[in-house]
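Chains as they are written, first to last, in my numbering: chain A, 410 to 836; chain B, 410 to 836.
By construction, these hints were calculated from the structure, which means they are not laboratory data. One or more of the hints may lead you astray.
As the list claims (entries may be wrong) - Listed below are the simulated BS3-like cross-link pairs for lysine-lysine, each with C-alpha atoms no more than 27 Å apart in a straight line:
#1 A:830 with B:701
#2 A:749 with B:588
#3 B:489 with B:412
#4 B:811 with B:749
#5 B:749 with A:588
#6 B:830 with A:693
#7 B:489 with A:811
#8 A:701 with B:830
#9 B:496 with A:811
#10 B:508 with A:749
#11 B:412 with B:749
#12 A:508 with A:749
#13 A:795 with B:693
#14 A:441 with A:415
#15 B:489 with A:830
#16 A:508 with B:508
#17 B:588 with A:489
#18 B:496 with A:830
#19 B:701 with A:811
#20 B:496 with A:803
#21 A:508 with B:795
#22 B:749 with A:530
#23 A:803 with B:588
#24 A:496 with B:496
#25 A:496 with B:795
#26 B:530 with A:795
#27 A:693 with B:811
#28 A:795 with B:496
#29 B:795 with A:749
#30 A:496 with B:811
#31 A:795 with B:508
Said to hold, decoys possible - Cβ pair distances, simulated, as ranges:
#32 A:439 with B:429: 29 to 37 Å
#33 B:439 with A:619: 31 to 39 Å
#34 A:802 with B:682: 22 to 30 Å
Predicted, not measured: the structure shown is a model, and the values here were computed from it. Glycine is no exception: its CB is placed at the ideal position from the N, C-alpha and C atoms.
Number of protein chains: 2
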Amino acid sequence: MIKLTKYPSPDQWEELLARPYSDNAPLMASVKEIIAAVQAKGDTALRHYTAQFDGIELADFQVGRAELEQAGNLLTDELKAAIQQAKQNIEAFHRSQHKSEDAVETMPGVLCWRENRAINKVGLYIPGGTAPLFSTVLMLAIPAALAGCAEIILCSPCNAKGTIHPAILYCAQLAGVHKVYKIGGAQAIAAMAYGTQTVPAVYKIFGPGNQYVTAAKQLVQVAGIAIDMPAGPSEVCVLADAAANPAYVAADLLAQAEHGPDSQVVLVTTSESFVQSCLEEIEKQVIHLTRKDIALRALSNSRVILVKTMLEAVQITDQYAAEHLILHCENADEIAVQIKNAGSVFIGPYSPESIGDYASGTNHTLPTNGYARAYSGVSTDSFVKKITYQKLTKDGLNNIAKTVMVMAEEEGLQAHAAAVKIRLGNQ
Amino acid sequence: MIKLTKYPSPDQWEELLARPYSDNAPLMASVKEIIAAVQAKGDTALRHYTAQFDGIELADFQVGRAELEQAGNLLTDELKAAIQQAKQNIEAFHRSQHKSEDAVETMPGVLCWRENRAINKVGLYIPGGTAPLFSTVLMLAIPAALAGCAEIILCSPCNAKGTIHPAILYCAQLAGVHKVYKIGGAQAIAAMAYGTQTVPAVYKIFGPGNQYVTAAKQLVQVAGIAIDMPAGPSEVCVLADAAANPAYVAADLLAQAEHGPDSQVVLVTTSESFVQSCLEEIEKQVIHLTRKDIALRALSNSRVILVKTMLEAVQITDQYAAEHLILHCENADEIAVQIKNAGSVFIGPYSPESIGDYASGTNHTLPTNGYARAYSGVSTDSFVKKITYQKLTKDGLNNIAKTVMVMAEEEGLQAHAAAVKIRLGNQ
Numbered sequence: 410m411i412k413l414t415k416y417p418s419p420d421q422w423e424e425l426l427a428r429p430y431s432d433n434a435p436l437m438a439s440v441k442e443i444i445a446a447v448q449a450k451g452d453t454a455l456r457h458y459t460a461q462f463d464g465i466e467l468a469d470f471q472v473g474r475a476e477l478e479q480a481g482n483l484l485t486d487e488l489k490a491a492i493q494q495a496k497q498n499i500e501a502f503h504r505s506q507h508k509s510e511d512a513v514e515t516m517p518g519v520l521c522w523r524e525n526r527a528i529n530k531v532g533l534y535i536p537g538g539t540a541p542l543f544s545t546v547l548m549l550a551i552p553a554a555l556a557g558c559a560e561i562i563l564c565s566p567c568n569a570k571g572t573i574h575p576a577i578l579y580c581a582q583l584a585g586v587h588k589v590y591k592i593g594g595a596q597a598i599a600a601m602a603y604g605t606q607t608v609p610a611v612y613k614i615f616g617p618g619n620q621y622v623t624a625a626k627q628l629v630q631v632a633g634i635a636i637d638m639p640a641g642p643s644e645v646c647v648l649a650d651a652a653a654n655p656a657y658v659a660a661d662l663l664a665q666a667e668h669g670p671d672s673q674v675v676l677v678t679t680s681e682s683f684v685q686s687c688l689e690e691i692e693k694q695v696i697h698l699t700r701k702d703i704a705l706r707a708l709s710n711s712r713v714i715l716v717k718t719m720l721e722a723v724q725i726t727d728q729y730a731a732e733h734l735i736l737h738c739e740n741a742d743e744i745a746v747q748i749k750n751a752g753s754v755f756i757g758p759y760s761p762e763s764i765g766d767y768a769s770g771t772n773h774t775l776p777t778n779g780y781a782r783a784y785s786g787v788s789t790d791s792f793v794k795k796i797t798y799q800k801l802t803k804d805g806l807n808n809i810a811k812t813v814m815v816m817a818e819e820e821g822l823q824a825h826a827a828a829v830k831i832r833l834g835n836q
Numbered sequence: 410m411i412k413l414t415k416y417p418s419p420d421q422w423e424e425l426l427a428r429p430y431s432d433n434a435p436l437m438a439s440v441k442e443i444i445a446a447v448q449a450k451g452d453t454a455l456r457h458y459t460a461q462f463d464g465i466e467l468a469d470f471q472v473g474r475a476e477l478e479q480a481g482n483l484l485t486d487e488l489k490a491a492i493q494q495a496k497q498n499i500e501a502f503h504r505s506q507h508k509s510e511d512a513v514e515t516m517p518g519v520l521c522w523r524e525n526r527a528i529n530k531v532g533l534y535i536p537g538g539t540a541p542l543f544s545t546v547l548m549l550a551i552p553a554a555l556a557g558c559a560e561i562i563l564c565s566p567c568n569a570k571g572t573i574h575p576a577i578l579y580c581a582q583l584a585g586v587h588k589v590y591k592i593g594g595a596q597a598i599a600a601m602a603y604g605t606q607t608v609p610a611v612y613k614i615f616g617p618g619n620q621y622v623t624a625a626k627q628l629v630q631v632a633g634i635a636i637d638m639p640a641g642p643s644e645v646c647v648l649a650d651a652a653a654n655p656a657y658v659a660a661d662l663l664a665q666a667e668h669g670p671d672s673q674v675v676l677v678t679t680s681e682s683f684v685q686s687c688l689e690e691i692e693k694q695v696i697h698l699t700r701k702d703i704a705l706r707a708l709s710n711s712r713v714i715l716v717k718t719m720l721e722a723v724q725i726t727d728q729y730a731a732e733h734l735i736l737h738c739e740n741a742d743e744i745a746v747q748i749k750n751a752g753s754v755f756i757g758p759y760s761p762e763s764i765g766d767y768a769s770g771t772n773h774t775l776p777t778n779g780y781a782r783a784y785s786g787v788s789t790d791s792f793v794k795k796i797t798y799q800k801l802t803k804d805g806l807n808n809i810a811k812t813v814m815v816m817a818e819e820e821g822l823q824a825h826a827a828a829v830k831i832r833l834g835n836q
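Work out the full structure: start from the sequences and follow the hints.
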């Protein structure tokens with residue numbers, strides 16, 4: 410069960426907040442081999458690995474137009490309505506991120522600005538497995554479409570019958586994916602990175618996956634293909650005080666714990682009596698879960714940390730840099746302002762993390778494993794580059810000329826100075 | 410000399426636009442060894458490598474306060490004035506990038522927004538060598554300071570006398586760097602990634618460097634430390650028509666070519682007579698350059714591509730995805746809008762690339778090697794994370810509840826649905 414630590418000193422925090430470590434070095438060699446095979450043999454290699462790992466011989470990887478269009482017929486109206494509502498909210502929030510910027514006249518006659526340009530070709534990876542992660546299709550394809558990416562492709566492994574879950578296909582066509590391929594694992598990442606006869610190469614690859622997928626993304630990134638962010642197991646940190654509702658907090662902790670046995674849950678609280686009531690609630694609620702065994706294994710990796718003050722609670726929270734941070738405390742709005750490191754923050758008793766996983770509108774592709782110290786979650790920004798522009802008038806060049814020439818000469822770059830000087834002489 | 414290709418067909422473009430390839434795989438093993446040594450032995454390893462590579466035994470790596478403060482006394486007033494002007498312009502443009510965003514009510518009672526938070530600890534690397542790249546200090550430290558990074562450190566190798574060029578130190582203290590260390594190469598990257606007794610570990614590492622530095626950045630990135638972007642040799646693409654001034658274009662091409670023998674220069678033009686006059690200008694101007702030999706070697710890697718139409722010229726330019734793109738043509742403003750892939754764009758006859766290298770206000774840390782297809786240059790954004798927040802009212806949760814519960818159940822995540830349901834039951 411979850412481990413309780415009372416009033417640790419700051420020098421103990423690092424150890425307390427350590428993530429369950431998993432080393433993917435041992436599988437790097439086989440992932441390198443898969444990538445090399447896809448680079449060398451293209452579709453032939455994809456067929457080989459799909460037979461080996463997904464247990465099916467595929468003649469054609471691409472999901473046909475009819476299969477895509479009819480996927481919705483296999484879903485209940487209730488589910489389709491939910492997906493459409495989620496899409497609407499995700500769109501509203503991600504559209505607000507796509508802004509043009511004003512030009513700045515940094516000195517008279519020197520105009521500078523930035524413009525958004527879509528990354529032309531992007532690839533989305535959606536894992537297979539027991540739970541069909543159709544929500545992730547929305548989270549990746551909606552901002553890609555809003556950004557205006559010209560080619561949005563999606564790879565996901567099919568089952569042994571050669572099909573992909575219809576909710577994934579429905580979300581893909583609803584959210585604007587152009588092509589869907591039945592390819593999974595490291596071979597899918599390699600196909601999107603380098604292209605094959607069937608799969609076009611893309612410039613940036615997004616999406617979650619198992620250790621093989623993660624390793625493949627790391628390897629293609631070193632080769633120059635952009636990726637969304639480094640990956641790690643999902644996690645939540647809850648910051649609670651005596652005013653928090655123990656049943657709500659327990660439910661939030663369990664929602665995270667059910668993700669997988671390697672998920673991590675951290676509860677930081679200022680109230681000892683709250684710890685007791687929350688642990689009782691966890692025991693009461695966990696027995697009703699269909700994924701009880703997974704949740705219990707995740708809880709055994711997890712921590713309750715009792716601290717003296719809210720200030721200390723915030724400091725521990727920042728050191729942990731959680732993917733998801735839930736604030737169950739008085740003055741949660743004021744605490745929210747103080748948070749320095751987190752992927753996504755959920756404020757107050759009516760903002761459970763699961764609303765962000767599906768439908769509040771924020772993205773659920775977030776930095777795990779402490780990466781929130783340096784990385785943001787996926788947003789519309791993730792699908793664009795910002796190109797800088799500058800345009801100088803003749804006077805503008807005159808105004809800036811001496812500054813540039815003096816600096817260039819000092820750096821020993823005489824031709825840089827000359828490119829300014831020749832324009833002055835010619836006026 | 411630069412190679413001319415007339416009217417290539419689109420299937421020839423890829424080969425024509427290939428970058429000079431350099432494989433850093435052979436030096437990965439020695440870079441791994443350096444990183445492992447710094448991780449294991451800290452300052453002792455830094456001393457060892459500094460003696461070995463920089464030829465000096467250092468007792469203390471940190472540049473003292475007096476040395477930093479007095480660096481300005483070793484520079485001319487003219488240079489200091491130029492640096493201050495550049496700082497002012499860079500600040501004006503990068504300050505405009507640091508914006509707060511409005512919250513979005515995605516559905517009634519569901520409020521979502523993003524907030525900028527500085528990356529607390531950042532490390533800047535400035536190479537040594539013949540040219541002291543003090544301009545890069547400004548380009549990295551100014552946005553870091555504007556973003557509000559709490560700890561900005563800088564590593565740069567010292568010379569055999571144990572000193573760093575005073576212009577680098579002057580820019581560092583002027584732009585808000587907190588600590589400067591005399592450490593170079595892969596060992597500097599390892600020190601900033603993992604920390605030593607003297608050097609604090611940082612969350613993100615920025616800056617250019619040689620192949621060892623680049624390899625070290627790639628390796629620490631795989632280990633989870635963020636970096637600015639992948640690196641490659643500098644390059645320029647000039648798009649010119651018959652209206653362009655051949656002397657200006659030649660000067661711009663040479664300014665790029667003098668960077669290094671591995672720099673690349675591409676001229677795309679619709680005018681055959683322009684090619685002739687521009688090549689003549691290059692020959693005329695190159696003989697006056699102090700870095701003539703370097704420029705000539707870079708030109709031998711370079712290309713002039715003659716095309717039939719401006720449309721084709723833009724398409725080639727986008728396929729190349731240049732770090733720097735200069736538009737020397739009629740209707741340059743209209744062409745600028747059509748550009749999809751570039752790091753920074755220079756519009757019209759009075760906007761030579763060298764103004765962007767130093768002082769227009771845009772950042773000169775830009776994606777090379779075609780990375781502009783997926784990456785932006787450094788900006789204030791590079792020094793912050795954007796945390797998403799959401800806050801729901803009781804009614805907001807009621808409004809979104811069914812959507813979340815239906816989707817969570819379909820994904821098999823029952824505890825996610827339960828975290829919503831428990832709040833509804835309790836109202």
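Against the structure, the hints:
Note on residue 830 of chain A and residue 701 of chain B: the hinted pairing holds, with a Cα-Cα distance of about 17 Å set against a maximum of 27 Å. Taking the CA atoms of residue 749 of chain A and residue 588 of chain B, the gap is near 22 Å; set against the 27 Å cutoff, the hint holds. Distance hint between residue 489 of chain B and residue 412 of chain B is unfulfilled; the C-alpha atoms sit about 41 Å from each other, more than 27 Å. For a cut-off of 27 Å, the pair hint linking residue 811 of chain B to residue 749 of chain B is broken: about 41 Å separates their Cα positions.
Only pairs whose Cα atoms come within 27 Å are accepted, and residue 749 of chain B paired with residue 588 of chain A is accepted, the gap being roughly 22 Å. As the CA atoms of residue 830 of chain B and residue 693 of chain A are separated by approximately 15 Å, the hinted pair is consistent with the 27 Å bound. For the proposed pair residue 489 of chain B and residue 811 of chain A, the alpha carbon gap of about 12 Å is at most 27 Å, so the pair holds. A distance of roughly 17 Å separates the Cα atoms of residue 701 of chain A and residue 830 of chain B; the hinted pair therefore holds under the 27 Å criterion.
Among the hinted pairs, residue 496 of chain B with residue 811 of chain A is consistent with the structure: their alpha-carbon atoms are about 14 Å apart, no more than 27 Å. A C-alpha spacing of about 17 Å is found between residue 508 of chain B and residue 749 of chain A, which places the hinted pair at or below 27 Å, so the restraint holds. Proposed proximity of residue 412 of chain B and residue 749 of chain B is supported: the alpha carbons are some 26 Å apart, at most 27 Å. Restraint check for residue 508 of chain A and residue 749 of chain A: the C-alpha separation of about 24 Å stays at or below 27 Å, so the hint holds.
Restraint check: the Cα-Cα separation between residue 795 of chain A and residue 693 of chain B comes to about 37 Å, which exceeds 27 Å; the hinted pair is violated. The suggested pairing of residue 441 of chain A with residue 415 of chain A is violated, with an alpha-carbon distance near 45 Å, which exceeds 27 Å. For a cut-off of 27 Å, the pair hint linking residue 489 of chain B to residue 830 of chain A stands: about 20 Å separates their Cα positions. The suggested pairing of residue 508 of chain A with residue 508 of chain B holds, with an alpha-carbon distance near 11 Å, which does not exceed 27 Å.
With a CA separation close to 56 Å, the supplied pair residue 588 of chain B and residue 489 of chain A exceeds the 27 Å bound. Of the supplied pair hints, the one linking residue 496 of chain B and residue 830 of chain A holds, its CA atoms being roughly 21 Å apart against a limit of 27 Å. For the proposed pair residue 701 of chain B and residue 811 of chain A, the alpha carbon gap of about 23 Å is at most 27 Å, so the pair holds. Taking the CA atoms of residue 496 of chain B and residue 803 of chain A, the gap is near 22 Å; set against the 27 Å cutoff, the hint holds.
A threshold of 27 Å between alpha carbons decides the hint, and for residue 508 of chain A with residue 795 of chain B the separation of about 15 Å falls inside it, so the pair holds. Distance check on the hinted pair: residue 749 of chain B and residue 530 of chain A sit about 12 Å apart at the alpha-carbon level, within 27 Å; holds. Of the supplied pair hints, the one linking residue 803 of chain A and residue 588 of chain B is violated, its CA atoms being roughly 40 Å apart against a limit of 27 Å. For the given pair, residue 496 of chain A sits about 44 Å from residue 496 of chain B by alpha-carbon distance, which is inconsistent with the 27 Å threshold.
For a cut-off of 27 Å, the pair hint linking residue 496 of chain A to residue 795 of chain B stands: about 21 Å separates their Cα positions. With a C-alpha separation of about 24 Å, the suggested pair residue 530 of chain B and residue 795 of chain A falls inside the 27 Å cut-off, and the hint holds. Distance restraint check for residue 693 of chain A and residue 811 of chain B: the Cα-Cα separation of roughly 24 Å lies within the 27 Å cut-off, and the hinted pair is therefore satisfied. Annotation: proposed proximity of residue 795 of chain A to residue 496 of chain B holds, straight-line Cα distance about 21 Å (limit 27 Å).
Only pairs whose Cα atoms come within 27 Å are accepted, and residue 795 of chain B paired with residue 749 of chain A is accepted, the gap being roughly 10 Å. Distance check on the hinted pair: residue 496 of chain A and residue 811 of chain B sit about 14 Å apart at the alpha-carbon level, within 27 Å; holds. Proposed proximity of residue 795 of chain A and residue 508 of chain B is supported: the alpha carbons are some 15 Å apart, at most 27 Å. Our hint of 29 to 37 Å for residue 439 of chain A and residue 429 of chain B holds, since their Cβ atoms are close to 32 Å apart.
At roughly 32 Å, the beta-carbon separation of residue 439 of chain B and residue 619 of chain A lies within the given 31 to 39 Å, and the hint holds. In this structure the hint that residue 802 of chain A and residue 682 of chain B lie 22 to 30 Å apart at CB holds, the actual value being about 28 Å.
Checked against the numbered hints above, the structure violates hints 3, 4, 13, 14, 17, 23 and 24; every other hint is satisfied.
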